[in-house]
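Full structure from sequences and hints, please.
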Amino acid sequence: MNDAHIYEAHDLKHDEGQLPPENWFDRSETLQKLRKNKKFPTIWCSGCGIGIVMGALIRAIDHLGLDNDKVALVAGIGCTARMAVYMDFNTLHTTHGRALAFATGLKIARPDMKVIAIMGDGDALAIGGNHFIHTARRNMGITALVVNNTIYGMTGGQYSPTTPLGGRATTAPYGNIEPPFPICDLAIAAGATYVARSTVYHALELDKFLAEAISKDGFSVVEAVSYCHTTFGRLNKLGTATDMMRSLKDNSIAKSALDRLPPEEQAVNTKIVRGKFIDTDRPQYTQVYANLITRVQGGEK
Amino acid sequence: MAVKLMQGNDAIGWGAIAAGCRFYAGYPITPSTEVAEILSRELPKVGGKFIQMEDEIASMAAIIGARVGGLKSMTATSGPGFSLMQENIGYAAMTEIPCVVVNVQRLGPSTGQPTAASQGDVMQARWGTHGDHPIIALSPISVRQSFDLTVKAFDMSEKYRTPVILLADEIVGHMREPVELPDFKTIKIFEHKVIESPATYKAFRNTPDGVPPLAPFGVGYRYHITGLFHDEVGFPTQRLDEIDPWLERLNTKLEKHMDDIALFEEDYQAGAKVAFLSYGASARTARHALKLARAQGKKVDMLTLFTIWPFLEKQVEALGERVDRIIVPEMNLGQLAYEVERMVGRKKVKRVVRANGEMVTPQMVLDAMEG
Chain X
2 MNDAHIYEAH DLKHDEGQLP PENWFDRSET LQKLRKNKKF PTIWCSGCGI
52 GIVMGALIRA IDHLGLDNDK VALVAGIGCT ARMAVYMDFN TLHTTHGRAL
102 AFATGLKIAR PDMKVIAIMG DGDALAIGGN HFIHTARRNM GITALVVNNT
152 IYGMTGGQYS PTTPLGGRAT TAPYGNIEPP FPICDLAIAA GATYVARSTV
202 YHALELDKFL AEAISKDGFS VVEAVSYCHT TFGRLNKLGT ATDMMRSLKD
252 NSIAKSALDR LPPEEQAVNT KIVRGKFIDT DRPQYTQVYA NLITRVQGGE
302 K
Chain S
69 MAVKLMQGND AIGWGAIAAG CRFYAGYPIT PSTEVAEILS RELPKVGGKF
119 IQMEDEIASM AAIIGARVGG LKSMTATSGP GFSLMQENIG YAAMTEIPCV
169 VVNVQRLGPS TGQPTAASQG DVMQARWGTH GDHPIIALSP ISVRQSFDLT
219 VKAFDMSEKY RTPVILLADE IVGHMREPVE LPDFKTIKIF EHKVIESPAT
269 YKAFRNTPDG VPPLAPFGVG YRYHITGLFH DEVGFPTQRL DEIDPWLERL
319 NTKLEKHMDD IALFEEDYQA GAKVAFLSYG ASARTARHAL KLARAQGKKV
369 DMLTLFTIWP FLEKQVEALG ERVDRIIVPE MNLGQLAYEV ERMVGRKKVK
419 RVVRANGEMV TPQMVLDAME G
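One line per chain: the protein sequences are X and S, in this order.
In terms of our numbering, the first sequence is residues 2 to 302.
In terms of our numbering, the second sequence is residues 69 to 439.
Hints may be right or wrong, so weigh each one.
[Said to hold, decoys possible] BS3-like cross-link-like pairs, simulated, lysine-lysine; straight-line CA separation at most 27 Å:
1) X:302 - S:382
2) S:321 - S:261
3) S:261 - X:71
4) X:40 - S:270
5) S:416 - S:359
6) S:359 - S:415
7) X:238 - X:115
8) S:72 - S:253
9) X:37 - S:270
10) X:115 - S:261
11) S:359 - S:341
12) S:382 - S:367
13) S:382 - S:418
14) S:341 - S:416
15) X:71 - S:321
16) S:261 - S:227
17) S:270 - X:115
18) S:270 - X:39
19) S:113 - S:72
20) X:302 - S:253
21) S:367 - S:341
22) S:418 - S:367
23) S:227 - S:382
24) X:272 - X:256
25) S:416 - X:302
26) S:382 - S:415
27) S:321 - S:256
28) S:418 - S:359
29) X:209 - X:71
30) S:227 - S:253
Honestly, the hints are just simulated from the structure, not real lab data.
Structural data, given as structure tokens:
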């Protein structure tokens with residue numbers, strides 16, 4: 002993909018402490034996807050990875066050249082879900098865990114729209130786990146963007162369905178004893194037609210995966226691995242946001258690189274695997290329903 | 069249209085079609101399931117869409133999502149499912165997204181008695197979700213009225229941007245009566261007209277009638293909808309100068325329109341000192357008792373409420389001034405009687421209640437006139 006616009010956006014902070022150039026906001030087509038009438042800064046802690054995911058999402062939508070009017074962002078509740086309000090699309094900030102159920106209604110009402118559900122790990126997989134697998138099963142034409150920071154950040158650091166075994170949380174003071182959900186495996190098993198994972202360190206890769214996911218007709222999932230230095234990092238002595246960001250670089254491996262390793266090494270891999278795990282097609286729900294209407298109106302009993 | 073034999077739940081389904089409902093999401097539950105069955109069959113014929121969701125929480129979410137996309141939407145359920153829907157009913161009230169929630173009440177609490185009738189969700193319909201909010205609930209007493217009130221429910225939900233609860237019950241829902249439905253083409257439902265440009269559109273602004281027009285997603289009005297306290301364009305806010313005017317509008321918008329929202333029937337006799345006040349299936353009992361009492365030469369007033377919420381304070385207060393005693397039969401332990409007592413005082417109110425799945429009998433109502 003053409004990355005020129007990305008570098009243009011990056012141009013903003015090439016020198017720490019330097020003020021942005023005049024009219025920098027208006028000069029960037031990508032930044033036009035942010036809401037001008039929304040008060041910034043964001044609610045996120047300094048150093049948070051969620052803003053990077055938001056940047057990737059905006060760049061992906063910009064890259065695809067989508068009409069802003071035809072894009073809907075449906076978010077649940079949590080740090081990640083607050084993302085929707087900052088972007089100049091049709092944005093629906095719903096209840097905890099239910100983004101995909103709201104998105105399902107919206108997609109059925111507006112099959113012409115690109116509907117993107119924005120959720121954190123707790124939002125998508127704990128309280129919203131049932132909706133996640135059923136939306137995948139139906140192959141509803143929605144992109145699920147799951148930002149996985151392995152913790153409930155907004156409520157102060159309780160363990161989530163993706164907290165690693167042994168990880169400390171405010172509700173796991175002796176270490177987490179529950180095995181985590183592998184989000185991508187779950188999505189594939191439930192029937193998603195596109196599933197990919199990257200991290201907030203690999204922002205350009207996130208751009209690419211998000212653009213591919215959004216351009217799919219069926220249910221697509223992108224897991225954006227992030228971190229929460231404010232809660233998980235503090236409780237587990239993982240250092241600053243920079244340290245945790247570096248750890249995503251050091252402790253992740255591209256799927257293509259993993260595939261080249263001997264099977265015995267692959268079997269013991271503990272690194273986060275980045276890559277596209279499935280990219281397939283099967284009939285998308287709203288299209289199947291449109292066909293049903295045609296059949297019924299044609300007189301079929 | 070020809071006279072047909074149908075049950076209340078069928079009439080609700082047809083009422084939805086007639087009102088222009090084009091999206092239904094639901095989860096099977098006795099005794100409401102016929103509503104889903106009829107709409108799964110009929111909606112595609114008129115280009116509408118039906119989906120059976122994974123639970124009632126998702127169903128409620130989906131109908132809100134579909135209405136945000138521009139389709140008039142409905143779900144139907146019963147007590148346990150209604151409990152699950154409560155959080156998102158609050159979301160619809162908060163975000164002022166129109167939708168219709170049919171609750172064919174069954175005996176509770178908990179699983180209770182799925183096939184037994186009840187009016188046990190009167191208070192849940194009003195206060196089931198957390199926080200203060202406006203809500204409309206309508207309760208039909210016959211099959212034909214199940215149709216009419218479903219149409220009204222859609223009209224009011226659109227006009228006032230609020231969820232409307234159709235508080236049916238197992239008796240009316242499963243009761244079969246011969247009905248003649250009106251020509252659907254004659255049915256008119258309020259339609260939102262947005263005249264502002266996308267640049268000036270404010271989905272939650274104050275208007276003289278308290279109800280700003282609603283633009284659907286996908287047609288150029290890009291805006292934010294949130295269950296958080298928000299300002300007039302929909303952005304979250306914690307500023308009291310932004311919250312207070314909006315909250316004032318939200319919580320008083322129905323009061324301004326009570327003349328339109330209040331549906332009831334007064335059957336009053338000069339000189340009556342006792343009145344029956346009821347709704348839903350229990351109103352049928354009360355009307356039967358009324359006939360028996362009047363046949364014995366007694367003077368009795370009868371007030372039937374079709375609008376349950378907002379409570380018809382004006383009408384009930386006036387009735388309290390006419391008579392010395394108001395007898396309130398209902399199939400719960402006195403949920404609506406609380407409201408009547410609030411208006412006319414406890415001493416004037418005689419509850420005739422039953423919450424075991426059986427109907428209140430006309431004799432129980434007549435006995436209450438004596439005691």
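Here is what the structure says about each hint:
| no. | hint | verdict |
| --- | --- | --- |
| 1 | X:302 - S:382 | 51 Å, violated |
| 2 | S:321 - S:261 | 18 Å, holds |
| 3 | S:261 - X:71 | 21 Å, holds |
| 4 | X:40 - S:270 | 17 Å, holds |
| 5 | S:416 - S:359 | 22 Å, holds |
| 6 | S:359 - S:415 | 25 Å, holds |
| 7 | X:238 - X:115 | 40 Å, violated |
| 8 | S:72 - S:253 | 18 Å, holds |
| 9 | X:37 - S:270 | 15 Å, holds |
| 10 | X:115 - S:261 | 25 Å, holds |
| 11 | S:359 - S:341 | 16 Å, holds |
| 12 | S:382 - S:367 | 23 Å, holds |
| 13 | S:382 - S:418 | 20 Å, holds |
| 14 | S:341 - S:416 | 11 Å, holds |
| 15 | X:71 - S:321 | 32 Å, violated |
| 16 | S:261 - S:227 | 11 Å, holds |
| 17 | S:270 - X:115 | 23 Å, holds |
| 18 | S:270 - X:39 | 14 Å, holds |
| 19 | S:113 - S:72 | 20 Å, holds |
| 20 | X:302 - S:253 | 25 Å, holds |
| 21 | S:367 - S:341 | 7 Å, holds |
| 22 | S:418 - S:367 | 17 Å, holds |
| 23 | S:227 - S:382 | 22 Å, holds |
| 24 | X:272 - X:256 | 10 Å, holds |
| 25 | S:416 - X:302 | 58 Å, violated |
| 26 | S:382 - S:415 | 19 Å, holds |
| 27 | S:321 - S:256 | 22 Å, holds |
| 28 | S:418 - S:359 | 19 Å, holds |
| 29 | X:209 - X:71 | 20 Å, holds |
| 30 | S:227 - S:253 | 19 Å, holds |
The structure is inconsistent with the numbered hints 1, 7, 15, 25, although it conforms to all the rest.
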